[in-house]
Each structure stands twice: as C-alpha cells, then as structure tokens.
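J.: Keeping the supplied structure of chain A fixed, place chain B upon it in accordance with the hints.
There are 2 protein chains.
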Amino acid sequence: MKQYITQDPWNIVEEGFHRDHNEITESLMSLGNGRIGQRGNFEEKFTGKTLQGNYVAGVYYPDKTRVGWWKNGYPDYFAKVLNAANWIGIDIDVEYESLDLNTCDVHDFRRVLNMQAGYLERSFVATLKSGKQLKVNSKRFCSIVDDEAGVIRYSITPLNFDAKITITPYIDGTIRNRDANYDETFWDEVRKETAYGEAYIELRTRKTGFHVASGMCVEIEQDAAKVDYQSQPIKYEKYVANRITLDCWQGQETVIYKYAVNLSSLNYDSDSLVKEARQYIQRITRKGFDKMLFEQKQAWADKWKMNDITIDGDVAAQQGIRFNIFQLNQTYTGEDERLNIGPKGFTGEKYGGSTYWDTEAYCLPFYLSTADQKVARNLLVYRYKHLQKAIENAQKLGFRAGAALYPMVTMNGEECHNEWEITFEEIHRNGAIAYAIYDYVRYTGDELYLVDYGLEVLIAISRFWSQRVNWSKDKNQYVMLGVTGPNEYENNVNNNWYTNYIAAWTLRYTIEAVGKVKALNPDKYADLIDRIHFREEKEISTAQHIVDNMHYPFDDGRQVFLQQSDFLDKDLMPVSDIPKGQRPLNQNWSWDRILRSCFIKQADVLQGLYFFEDEFDTDTLRRNFDFYEPMTVHESSLSPCVHSIQASKLGMVEKAYEMYLRTARLDLDDYNNDTEDGCHITSMAGTWLAVVKGFGGMRVDAKGLSFRPYCPAGWQSLAFKIRFRGVLLQITTTQQDVTVQNFSQQPITLRVHGEPLIIAGNSQETVVVKELA
Amino acid sequence: MKQYITQDPWNIVEEGFHRDHNEITESLMSLGNGRIGQRGNFEEKFTGKTLQGNYVAGVYYPDKTRVGWWKNGYPDYFAKVLNAANWIGIDIDVEYESLDLNTCDVHDFRRVLNMQAGYLERSFVATLKSGKQLKVNSKRFCSIVDDEAGVIRYSITPLNFDAKITITPYIDGTIRNRDANYDETFWDEVRKETAYGEAYIELRTRKTGFHVASGMCVEIEQDAAKVDYQSQPIKYEKYVANRITLDCWQGQETVIYKYAVNLSSLNYDSDSLVKEARQYIQRITRKGFDKMLFEQKQAWADKWKMNDITIDGDVAAQQGIRFNIFQLNQTYTGEDERLNIGPKGFTGEKYGGSTYWDTEAYCLPFYLSTADQKVARNLLVYRYKHLQKAIENAQKLGFRAGAALYPMVTMNGEECHNEWEITFEEIHRNGAIAYAIYDYVRYTGDELYLVDYGLEVLIAISRFWSQRVNWSKDKNQYVMLGVTGPNEYENNVNNNWYTNYIAAWTLRYTIEAVGKVKALNPDKYADLIDRIHFREEKEISTAQHIVDNMHYPFDDGRQVFLQQSDFLDKDLMPVSDIPKGQRPLNQNWSWDRILRSCFIKQADVLQGLYFFEDEFDTDTLRRNFDFYEPMTVHESSLSPCVHSIQASKLGMVEKAYEMYLRTARLDLDDYNNDTEDGCHITSMAGTWLAVVKGFGGMRVDAKGLSFRPYCPAGWQSLAFKIRFRGVLLQITTTQQDVTVQNFSQQPITLRVHGEPLIIAGNSQETVVVKELA
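Just so you know, the sequences run in chain order A and B.
Start counting the first sequence at 1; every next residue gets the next number (UniProt numbering).
Start counting the second sequence at 1; every next residue gets the next number (UniProt numbering).
Be aware that a few hints might be false.
Any copy will do: because identical chains look the same in the list, a pair fits if it lies in one copy or spans two.
What the hints assert, rightly or not - Result set (DSBU-like, lysine-lysine): computed pairs, CA atoms no more than 35 Å apart in a straight line: (1) Lys207 - Lys64; (2) Lys287 - Lys235; (3) Lys129 - Lys71; (4) Lys71 - Lys2.
Simulated from the structure, these hints should not be mistaken for lab results.
None of these values were measured; they are calculated from a predicted model.
Pulled out of the complex, with its shape left as it was, chain A reads as follows (with noise of 0.2 Å):
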C-alpha cells in the first residue's frame, strides 16, 4: 500500500517527482477517450523507470501461446494489446544537454490528472548539469470529440540563460510489449513522410496485418506569437521527427503545440490511411488546441452530469469513486459495437485480450445505469457479432449442434486464453453472457432484443450446457465435471454450484425466452428456429429435465450451498488463522496449496447469491456468507465489491465499509502491488456497485426501481446518479435522509426502503429514515 497521491476531490495529484512510483503513477495519469489512449508517460525523453504505452483500441496481436506442453484444444496465441507508436514524444536539448528528469535535478514538480476536465498537466523546474534551469509546462489529452486526436501543449522557460534550444518533436514506433511472450516486436513499418512541421508513420501489425497510422503537426508560438521555425526532418526505422532548433531568452516561454491523431485500418480504408491522416491533422491544427481543450470540459462536463458520485466528508472515499468513473469512461464509450473494456484499458499492457466475463458481470450494470441504453446494447451486440466462433470454440472442444462456448478472453471472438484450467473449464462465463442478456431485458424492458438477437445466443449456450453435463448413474442426477469456478483458487472441480446454478438457470431463462419471443414475433421465431435449426420440443424437454435434475451439493448440516463436491474435506479454517507474513497467498504459497486449502480467491457461491438473489432469502445469505466470507481472501480486484453489496444487504455495515475501501482506492493506493502494470479497471465498476447496489441498495425487478439507500459512518452525504428507461434520477443520502430528484419530465414511481414513492418530472422527494435495514 502505498499513499503518496495527495487527496483532492476532483484531481490525481502527484506533488513532487515519485521517481521510484512513476511506472504506478503513469498507470493512474492515463488517458484515453475509448477510441485511442496511453498512460501518464512523459514528453521529453525520460532514461529512469517507465512502461511508455500508448494503445489504439481493436488492435492487437496473437502472440504465440507459452506453454509447457502443448495438449490438444489449446488455443494457438494468447492476445496481446498492442503497445502503438508513441506520438507524446518531444525531446528537447539545450545545446548538448538534453532534458531528462532522470539525470537532472527536479524542483516544484507537479503532475495532476485533472478528472472534471479530462486532461494531463505537469510542471517543474529542471536544473541541467550545466546549472541551466528550465521551467516546463505541459498539458495533454485525448480528445472525446476528436476522438483519434491527441493535442499537447508543452512550454519550456530558461530561468537563467539565453540559448539555442533543440526541440525534436517525433513519432516512434521502434516500441514493444514489456510481455511480449517471445520478445518478438510486433509492428513492421508500411511507409513514412515528412513535411514542414508535419510527420506521418504508417505501421502494420505482423500476422493480424492491422494497419495505424499515426501523424504529427507542430507550432510553435514564443512572445505569444507563432513562430516560422526551421525544421529538419528526420528518419529512422519506424521513426520520424522534425528537429527545430531556437533562440530562446532567459525567461521567454516558449509553448510547443503538438497535433496528433492515430488512425487504424478499423475505420479506414488501409490505403488512404496516410492521406486521412493529414486531414485529419489539418483540421484539428485548424480547430487548435484552446478550442479543443474548451470542448474537452464540455464533454466531460456532460459526461459528469450524467454519473457523477459526490460523497460529503470523506476526501479520500470521493477521490477514489471519481477516480473510478473517469476511468471507466475513458476506457469504453459504447460509440463502436466492435471494442469492449479490456482489463486494463488503455492503462498497460497486462493481461491481454479485452474482453473476460468482467463486462457482463460488472461492467454492464455500470454503462446500464450512467449512460444511454444503446452503449449496453452494444456489448451485447458485440457478443452476438462472436456467435459464430464461439459456436467454433465449442466444437474445437468436441460440442456440437450449434453448441456455444462463448471465450474466457478474446479480442475477435476466438479463445485466445493459455491454461487448460481456464480455457476449457472456467465455463460459468458462458453462464454470465446468458445473466447479461436477462439483466439488459430487465433493466431495460427493452424485450425486442430478445427477439433480434437475445434469444438466439441464449439457445446455443444453452446446447453448450445440455451437452457439458451428463448423468451420473450413481447420484441418479446431472453433474458437471472439471470446471473451475468464479474462485480460481480452485481447478478442475466437480460440481462447482455456481457454475451448476448458471447452467441450469440458462436453460430456464431460455425456455421462458423461446416463449416470449414466440408471443412477440412468431414470424421472427419461425425464421430463427428453421436457421439454427432448433428442435423446440425435444430441446426444451431435454432442457426441462437438466433444470429438475440438477446436482446442487449442499451441506445439510450448515444449511449451506457448497462450492464444489468435496469442500467439506478440506481443512475449513477462516483467514484470520493465515499466519502473519504469509499473505497475499498467491504471492506466499505454492500453487497446490492454494489449491487444496478452504481459502477461496473471489466471491463464488456468493457470487450465485448476488446474481439470483430473488430466488434466495436473505437468511440464506447471511448464512452462505458467514461461511464464505471468513475463508475469503479477495485476492481478486473483482471481490470485495460483491461483498460490499452483499454485507449492506445484511445490514453488516462496518464489513460493507471495509470492503469497499479495498475497492475504491485499489489502485490509488496500490493495493496489490501491481498498479504498475496498469489500473484494474474492470473491477472498477465493481466500485461503482458497491455504492450504488450496496449504499444505494439499487434493485430493479418486476416491480420497477426501488433503493435501500444508507449513509457510511462519517460520510455526511452520499449522491449518486442513475438512468432508468428515460428517466435521469439523483439519490442523496444523508445520515438522516434520502432525497430523490428527478431531472426529467416524465414522472417515476419507486420504492425506497420499500416504501412506494412518486416522483413528479423535474422534483424531488426526500424520506426521513427511521432506521437502517
């Protein structure tokens, strides 16, 4: 844990260079705006510790799979992000000193991720072993209306000297992966040209053949005018830059503006793709970086009134919310059905892949409930565009019939994970693309999608399942067989409840699915079934007969639901028992004994409450959670946030608390020890939950929108945000209270601590709370 980011409400502020904590605070500075991004690196050439990234979204690399030995159903690569050329770049030098705030002494160094506006800032003083001292101001930004732009504003001051100042302006894509599997590089260069003040690379990924172009326009302005430099163009393999040198006095700014846009064969004709690069350039050099800033505030402005959290009295909890939306928001925007939120956005490079079950299981009810209906849509869209391959997945894997097994990661649809434990048996997140579909319909109403493309995914997951299980003559039940559940501390399990729950619970929804989109549209119905074939009767009974026979272990003793068959002959003993020193356990034990301990990684079972808790009562719960939670080492950041909700359901407040710290400031604070690598950002719409289905006791159901809304301890308010089928609503808390706004014209009934409340379009009504669930 590490806490060296000064607190503020609306900014990430590192004051003084944390040279040791710059690959951390890179990850947290990023920015992106969906579409393009890169981490908090600096312009000018920096020797010490820095993961340079900058990532254009939808490109990536297969890189060859890492495997001991090869058996057979592996996938053939595991899919890297791809580090991109690096288009920040400005390095400058004072006759033959270069700026390099690795060798030169730092003062007044200030760096803030400024999240109300959506930019990078820095300053410092940097004295040059000569003992020439330069001010340096510099402000960037990936630009949401410009959304393939990026614009720098970088100043530079002499404080002591007069000198001829070299500024280099460039583009490099001599860049690899950190984790590149085999060192490979990834990118080969398809041409180069340069221009006065202007420079453009085009790059293409080896085997997937993707191509970017990416430019540069620079001005340069001193005495507040524009200056007609002299530039030198330069070139090296999959590098270029213009070299500009000046004049520059002591205490003359001079403010170097650098215009740059990435472009990808995604969106443009691979051919023209230098040509629209320029014009790109020319429009946004045209537009100019005051007015792209302005419109940048604007954007994020907007973007703010729709899901801001404001919590009164606590800095650090209303820091790190924020901290969490932003980032949220610069990763996935829903403008494009083709991208989605990989787990480090634009942050790093770990990992790989951009899509694991996290968007469905945490990041849609974020994008359901802060932004417009067609942004969840659209990953749910995206999924049905992988139908095909993941029907193809399946059948590498033996199923058949038009069986899905949709991937535990992807980037196109194909599995592209690399441990059999994971691939091929960590299938309940087959189960969570089915729970996504039935959450979108629920929070939407929106039961015509079921009908253009739910139903037909729900149908081949639902053959996925039929055939993944078989009968065990000795239980006279279904069982499901080496599978690894939401708790990847274990491998290869029998019976895994949640994943038993999921499956069963698929093929009811389908069944009920198949009977609405029947009503709704039998033209559209007859179509689908004649396509795919489905054979409604003897698929449905079949169906039917999994759902009455399903295996569930359970202890009868405990009254408890069981992870798996066996759990019981483990050791139980909770986490508090784990001698001192030996924790985190993934970083502390060998694999095995993680494996055959009680100690559980993330919620499991729990994770089965909290995604069908209508079906479950809350005595059941509290049960299932007194016996879970204590052996849980949430050493997944996708963890306490399900606890968090599942303790406020409880009334556990104090336990609810504790476990949304570990998530809000995850990064922040640097946790885990791993924010170097990139900011979890997956988990933290997680965040988001806690607070809004936890604090916020948010729930829709057939009944409508309902909140059991409370107030941490310390907190004096708590607000948040929330979009309802049309309907913009703001929920304050206070320790007293709760206030419901409605900023739309229409009105809205709720319920709030189960008591129905209407509220008029454009009012608001406020409940006194008696007493807290």
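T.: Relative to chain A, chain B alone:
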C-alpha cells in the same frame, strides 16, 4: 504403425534407404555405452530429414521454464538433455560434388544395428549428379571398454572414376536442441586446437558451466597401407576439422579411421580436459579399430550371457525383446551413481531431465535381475544423494521438519518439470522411491541398505505424507486432496486410491524399517535419529494413526477400489465405445474432455494392485482389472506392460499377449507415431517385466524366488536369465515343460508353479507342466 524394419533375431535392419523415415531409423539405430551416446546419423553431409544427436551423460542445460502465467513455486527451469558436439562428421567431396544422400541416387543401401556385437554398419552406392559412382561402407560404435570413446571405420571406393576426393573429418559444436524453449544456444566455445590429423574443441554449457572436450584423430589407409596424407586444419566458431585431399582410383578402397573422445568436467579437471583428451585419443589410436571392435564384441557377449531372452517361433517378438534389452544396456550401466536413465536415453532429446519415477517403478527390477547388485544399489544411492534437494523441494511447497518430496523429473535433485498439475500434484512418485527401497531389499536381502541409506529416505518421505494428508471432519478419515495419480488423464483429483495407498504403505514400511534398523544396528540408528531430529514415538504414532484411518474410495456395489473420489459420477463406458478415428485421445480430444471422461491413460488402481499384489487376493485383482482395463487407452508407453503382467496372472493369456505386443515393438513399429523423437527407453524395462514377471511369472517374496512360466500360443519356447542373490539362472518354457538351469556353483531352492524345486549348482531340472494356471 510402420513396418519397414526387417525382422531378424539379432539385428535391426533397414534395407534400402527410407528417406521419409530417416529420423525414426536414426532413433532406432542409436548407439550408447552409458557414458556417451548418439543417434544413428550419417557421417557424411546429409541435407535431408535428420535429427543430429550426440549426448554426454550427466551434461544438461537448465532451460528457462515456458509457462503462460507464473505461479508461486514453479520450477525455474526445465532441464534439457544437451545435444553435444557432433563428433561423427566426415564430409566427402568428389571434386566439386558433395556426397549427400539427399541429392544423389542411392543404391544398395543397407543400415544395420548389430545388437549382438554393439555396432552400427551402413553400406550403399551413391551416384552423384555427374554420374560418378561411389561405394561407401561405414561401421562405428561407442566403446564399452573405453567408454568415453567412439570410433568409426568409413571407407569409400570410386566405382567408375578416378578423382581427387576431399575428406573432411570434423567436430561441430554449432548444434542446438530442437526443443529449446526460447531458441537459445546452450554451448559456448572455450578453446580449440588442431594438429596433424588431430583436432580438439572444448565447449562449456551456459548457466551450468559443464566443460566437454571432444577430440579426434584420423588415420587413412589405401591398398591396406597407411597413407601419409596432407591435412589442412580448419577452424570456425565452435568447429574444427582437417581437410584431406587424396587421389583415389577406380576400384580402390580408401579407409578412414576416425577415433573420437568426449571427456566432460564431471570426470576430469576442466583445466586439463584437452590434454586428457589428447592422451585418450593417442591411447585408443594405438589400440586401433580392430582391437577395439574385438573388445566391443566381447563386452556385448558378456552382457548377453547375463540377460538375453530367447523366443523360438516368433522372430518379431525375438527382435523386439532383444532391442529393448540392448537399448537398456546402452543407456545405463550402473557404473556411475551420479547417472540415471533418461526417458529417451541417448536416442533423442525430448522430455528432458534424466530421472522420472520410471526408474524406480520400471527400470529397477530389470537391473536387479540382470546386472550386478551394485547397479540397482547405485540407482537407490542416486536418490539418497538427492535427499537434501528433495527436502528443499518440499520446503518450497510449504512442508517442513525434514519432509522430502522427490522431483517429478530431475538432473541434479532439483525439480525441473513445468506443469503444476504434475510438478506439484503427481506426488505418488515419492511413494515409488520408497517402494524401490523395499523392492531392492526384498530381492537382494540386503537389509543393511536400510541402515546406511534407506531408513533416512523413508523417514523423510513419510514426513511428507504425514503433512500432506489432512483430516476430513466430514469423513472422519484422512484424505489427500489435489493430486494427480499415475493416470495423467486426471488432474487435481481428491483421494486418488493409488496415492492414498502408497502413502499409507510408505508409513507402514517406515515403521517396519525403524524396527529393523534399531535391531540391526542400534548405534547407527541412534546417530541417524539424532541427526535428522526423528521424534520416534510421536512420528510413529502419527504415522500409525494415518495408516489406521486413511480414506480409500471404494464402490460397494462393484466391490472395486475407486480411482478417486467422485469417479462414479463419470459417464462410464468402455474404450470400444469411442468412435473410430478419435484415438489416440490425446491427439483428438480436447484436454478437458479427456479429463472428465472415464478413460485411463495408464495403470492407476491397477498399478497399486501390481506393486502390492501380496496384499490383495486374485478375485480383487480380477474385479478391478475387469472394471478398469476396458476403460484404459494405454496412451502411455508404461501402460501395457503392467496390464500384460496382470493378465498373465489372471490367466487371460490373449490379453497378456496383446498387451505384450504393444510394448515389445513400440519403437520398432513406431506404434505411437513418435519414435522419430527418440526411443521409449524406460518403458523397455516394462517389456522385460511383461516377459519375466508376466509370461515367466517370476516373484520374490519372504519364501524366496518363484516362477509360474507359460509360453504364449505360437511360441515354441521362451528362455530368460535371472540373477538372484549370486545365482545365475535360465528359465526355459515350452508348451510342455519348464526347465530351470543353474549356471552357478551354489544350489538354489525355488518354486515352479507352486512346487518347490531344488536345483544343484551347474545343473538343471525340468518340470512337465500339466495345466497352465
């Protein structure tokens, strides 16, 4: 399955050049003497399909482990058997044409591995592109008598031309392992020297720092007289040669003798390696090829006298069993207790490492019965010397107080496998090491071994088992969770019956051994328990409690042991139900499908019933055999032999013969399509077991030695030799009778088909067999 090798009782014969099968033939025709070895490569240049392979026992490289995600406790490296300098090379150039069987016409090609005398011979006529015809004969061997030397007689005869022929004998250290994890080279050059007709090169392995000096001396004869040739020394990076150009006349035979040595720093001071190599070369050159070959034949005759098996009436079976015995004798001689029996011996480099549990479970009984007692003892001492490393290995996994876990595979005692489900979980190997001690003492009667070495190892292994089990409150028994049994088509299972059984057996045997050692030598016992802090009373009572309360999964209905907990949840079906074209499963089914299926790779419960047959009655064996064998796919080379032995015991003679055929000609017929990687050396010991313990029914128990021999249908006779406590016996079985011949002075009492028989020194007895069991 390929059947291009000519059947012959004493030779492995390739008639005509089988270009596409060359790598298979190279594996089959490998040479070795326990110290150095090599594949059956060509001496002259060959640009076709070939796997160059030269190996020096004990010299390895710790190749960085290749894993997708690192997990705590993983071994750092997977040890590779190193492909060492190629010392056989002799390039032949006829004016401007190279002799290369890939580019010229080949006639009268014949390659023969002479197993009786231990050499490889090859002859052919090559027609070069120019039409020149060259006749070549080569003969080479790795000397048993001078066991760091190899020698080649290579003769060329122009058939239709006179020409200057350039002969370039060389040593080439620019070799790589084909299966290097990261395509690295493993050798650096230290020095090289050339002199008239001689050349030396010293290489050093990276990381491990082994030095190996290879040297050669070349003599040439024409018209039966030594030629005083001119030679041009050639030195490249890691390469030395002498280029010799001679006038050769049509019909004139030019004979090249190449004497070579490979000395390693395992046996010599690395500073004087080249000097030692030079002296060694001089010595063998003085001895000369013919004398060396004479000695080689003598040495092999001595070996065959001890362990030949003859089968009359079935040449394929005869060739198969001799090939297996021959390769085992080439791989391991027992002279050096630092060495062991690699899975591929000197025939290839796949799998890496030198020592698996194969050594204890399969190879030890072969050497016990066919070699001097010290050979088997050295195999045990090898593990004794690794005890400290095994304790460290267990410590890495969280065990303490002197608990030892022997590695799944090793070179120097350290674990160097690379899959968690094997490294961490296939812990039954630890039991095999205890069992080998029992097996050795039972066979030899050498109880003092327990005093000096055995007990210390047993206590350390027992400490591991005592900590590895845990008490299940649910079962009120000890359980062992998260293991992989011998059947590697299951991973991470609970209560593998075999593992639970061998664990409890180890504890029982350790308690028994404590008693024995206390009685045999109280002083040494006192020293030992003091040195290893053995708390006799407490540790024995813990062990006894585990022995008395171990859980053994059992099916009450079928009265069979269950391979593991939940085995009966599987969809049980015989192998014969697998659709055609889907076998072998490991090449057709995805890994998860294999894991959750009932299909068994190799004996698991049946391995236990094989090891501990005295503890179970024949009906129990029959019930378990009838239950498990039909579900067994035998996709491990170690599987058929155990089943053959048990089928013999159960009187299932057809099954026994079917299983024998699968093991005996596994490599000769390339049964598993993988002989090109090298031969399955350790399973060859299993073949021997299938003959001697299966068809021969040999057993050793407290009552001594016994046999229940029978002759499979179609065989006229089967004869095998056995050494037992100083006595050399031959057991000959026909369809009618059994003859036991005693070649030793001392008489021996044994049982044949249950009937006691006393055989005086240097005599024989024949028993007529009325009815086969």
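J.: Compare the structure with each hint and give your call.
T.: Structure-based check of each hint:
1. Lys207 - Lys64: both (11 Å within a copy, 26 Å between copies)
2. Lys287 - Lys235: within (28 Å within a copy, 68 Å between copies)
3. Lys129 - Lys71: Classified as neither; 57 Å inside a copy, 45 Å across copies.
4. Lys71 - Lys2: Answer is between; shortest inter-copy Cα gap is 25 Å, intra-copy 42 Å.
The structure fails to meet hint 3 from the earlier list, while all remaining hints are met.
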